[in-house]
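Visitor: Chain order of the listed sequences is A, B and C. The numbering of the first sequence is the numbering used here, which starts it at 591 and goes up by one. The numbering of the second sequence is the numbering used here, which starts it at 336 and goes up by one. The numbering of the third sequence is the numbering used here, which starts it at 716 and goes up by one.
In short, the hints are calculated from the structure, not lab data. Heads up, none of these hints are tricks.
Per label pair, the in silico range of CB-to-CB distance:
| id | chain 1 | residue 1 | chain 2 | residue 2 | range |
| --- | --- | --- | --- | --- | --- |
| 1 | C | Thr-732 | A | Met-796 | 26 to 32 angstroms |
| 2 | B | Thr-463 | C | Ala-800 | 21 to 27 angstroms |
| 3 | A | Arg-612 | C | Trp-736 | 21 to 27 angstroms |
| 4 | C | Asp-792 | A | Arg-612 | 40 to 46 angstroms |
| 5 | A | Met-796 | C | Gln-791 | 55 to 61 angstroms |
| 6 | A | Leu-765 | C | Ala-862 | 41 to 47 angstroms |
Facing chain A, a subset of chain B residues (Cβ under 10 angstroms, in silico):
| id | residue |
| --- | --- |
| 7 | Leu-363 |
| 8 | Ile-484 |
| 9 | Ile-490 |
| 10 | Gly-590 |
| 11 | Ala-610 |
| 12 | Gln-620 |
| 13 | Phe-630 |
Every value quoted in this text rests on a predicted model; they were computed, and no experiment measured them. Glycine is no exception: its CB is placed at the ideal position from the N, C-alpha and C atoms.
Here's the letter readout for the chains.
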Amino acid sequence: MADATTAGELLAPRRRFPVLRRLARHRSFRIGFVIVVVLTLAAIFAPLISSFDPTSMRARIRFRPPQAAYWFGTDNFGRDVFTRCLYGARLSLTIGLGVAVLSGLVGTAAGIISAQFRQLDAMIMRLMDGLMAFPAIILAIGLAAAMGPNIGSLIVALSVAYIPRTARIVRASALVVRELEFVDAARVSGASSLRIIWKHLLPNCMGPLLVQLTFVFAYAILAEAALSFLGIGPPPPAPSWGNIIAEGRDQAVDSWWIMFFPGLAISLATLGMNLLGDGLRDVLDPRLKVET
Amino acid sequence: MRVLRRLLLRLGQAVPVILVVAVLAFFLMHLLPGDPAAVIAGPEAGAEAVERIRRQLGLDRSIPEQLMVWLWHLAQGDFGTSIIHNQSVLVALADRMPVTVSLTLVAFAMTIPIGIVLGVAAAKFRNTWVDAAVMFLALVGVSVPGFWIAILSVILFSVTLGWLPASGYVPLSDGIWPWLRALIQPAAMLALFQIGFLARMARSATLDVLDQDYIRTARAKGVSEWRTIAKHAFRNTLIPVVTATGIILSLLMGGSVVIEQVFALPGVGRLIVQAILTRDYPMVQGTLLALAFLFVAINLFVDIIYTWVDPRVRYG
Amino acid sequence: MSAPLLSVRDLTVQFRTDAGWLTAVEQVGFELGAQETLGIVGESGSGKSVTALSILGLHAASTTRIPTGAIAYAGQDLLKLPDRAMRRIRGGEIAMIFQDPMSSLNPVLTVADQISETLMLHQGLDRKTARNRAIGLLDMVRIADAAHRVDAYPHQLSGGMRQRVMIAIAIACRPKLLIADEPTTALDVTIQAQILDLLRELQTELGMSVILISHDLGVIAEFARRVLVMYAGRVVEAAPSRALFRQPMHPYTSGLLAAIPPLNHDVTRLSTIPGSIPDPGRRIPGCRFSPRCTEAQTECREQAPDLVSVGDDHFARCPPRLHRMRPV
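All chains should be built: construct the whole structure from the sequences, respecting the hints.
Guide: Put into structure tokens, the structure is as follows:
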């Protein structure tokens, strides 16, 4: 009997996280998770992985093709492309995370306020429509240009561009929950707006929100690269992936490796986030679930 | 009648959006840290030059006053004047717009059929290698940076193989083939992301539709597998797809900014990037606004198509 | 009786699930003569719709298998028919109408499109002729103002009218057999009677055989001469409907009979069968109804009973009742 109890107790915690277990079984989620974790670790431990400096120039070793010493080759200033890509991961992932968090916070606030305080709905949603009338990348270009070229303004600019979509998703989920009976019951029994938001609306938006933010993360990485490429990102010599491609572009024909590897890094990071998002969507968002 | 009423309703709804857009574009310029006139004039400019720019931009007046002037000018079709080229923003736009519109439309014409066919095929052959291959390509499409793959494509198709021009634009007036030849590569690179996006969407829309009872009805009538998909499923699949075409068009327009840069196409995208790099703020503002107007117009247009596809909307 | 129009023998249907192959229908058999009416009754999950869909081969090939059985129709086994030949049968020789007329019609095609398609497909009519025939068919299913309604989209019609359109599609090619899967379940009570009347009239007019599927034994009793009672994928009783009503030989049939609301009485309490149909993944030793059966004995829970003859053209799968009637 004692054995049975122990076994039961041991097994219990595993059952408590059915979502995590379903995610762990989801193939694309697993692949995405591995990619993202590896890239994150590479970004964090960049100085340990590579002994080179990402920005110091060495004229002696310009334009070296990929080899044992310089895995991704060297660029026109003799900088190690692999090292620059590693440090680029720091920049890109920071920006992606920053955009996901900032647009998530503001978008959630806007969406929830729209859903809960109906008198503000029209105003907020028209503002969102107005922001959405600009394609995200163009809005981000305008904002980033206005605020000056640095990481902070890039995060803000991209966040503003993705806030409307997030706000709409949160609002839609919150509106569905609002109409459910248990929320009515809570309202009738005198629960405050804040309590209803905290206890009922927010938890029910988390699934779709998380899915959306994963995709925002992916978009942000792509958009940061594009903006850097246009010269509106963090100013060179900062080793952002987009910058490395932009700088390597002129030598693309002869020294293909300079622009090839950072592009691969961007693709990998975006792919990882997209796979992660697909998995989350399948598991968390039953509306969109097509198959597992 | 219903179509007309719906159209008028949508037009009515577009008005506040356009107004919001105009105000947003206005405040964008005022987000500039410090004195916009000083920033525009550059660090070496003297007080007098700054003052001149300030007057020229009307920055010496109060913000609400400036906003009213800005809106008043817009209402008259005056989008402002470039401070670098001393050229009307509208004239510059009229010059560049055909390039961007051509690029976007060619890319759109590639995206829609390819994306839909891939998505429907993946759904039809669900859980087979076809499905897996299409979905993998689609995922790659939405994960790879367009400008990067565009540069690689230029190296392959233009530099190495010499099949297609690496850069430059040929106006449509020079003939449809030269025009298309110049655009085909940039448009394909631009379309890549959207094709992936649309294929993923069309697949899940088709799977949804194939699950519906009316598909079973069609089969029970003796309709063949392919005809079931082509006639009974496809129109229903199109409904969510048409909704997405507005987003696709606007994303293509946005993406064209970057692709124009790669292929040195003299479009609105290059105009706006140059304006930003030269701090030509009236130009930035006016161009942003023009693009936003274009998107509102596109969405109106999509709405009309939507009415045509879904009879439930048409007859309500 | 001469050779039957349709003869189903030993039909077993399995679906693929995460937990392996799951048996939805097991060893079902019946025969249906020309112009006859067969009722199949059972709760949802009893396998009655699965049986019907198998006749037309409408299950998804990738997730379905039919390990045993034969469906003989006009001298051929429908289960072995190549796809092209099967398509000629579907909608041409054997037609089917479904439960929910809301979702069974294509929302983006007009009534004319949807009726004409069958005619163009099976009878090679051109669009114009097919359209005229469609108007005639709408008249036949008693839709007023047919010439006008033919251009309507499904969402512009009421539920009853949509089911009439479904019937018009089904009878368009004068099929020899019409399968009606819960044709009235989604409709208002008043409409239900109208649709059943219409089906009966059309059956006489066109000389069709009909298989009517319902969970409501009352509907079946009114309509069918022979009844098949299904439970958990198996036939538990098969009999002419009169015999079935007079002397149900399976407790499940008795339960269904008791659940029919009496017509001329105020219903105070509707008798229902306690419990619910078992999960198809669960294996039940012995008689599958035994967990819910008030008459179950030890032998019921241990050994699966066979379907045995209990009277004239009357079969049942319940040894205790048989013993009570004919003590050994």
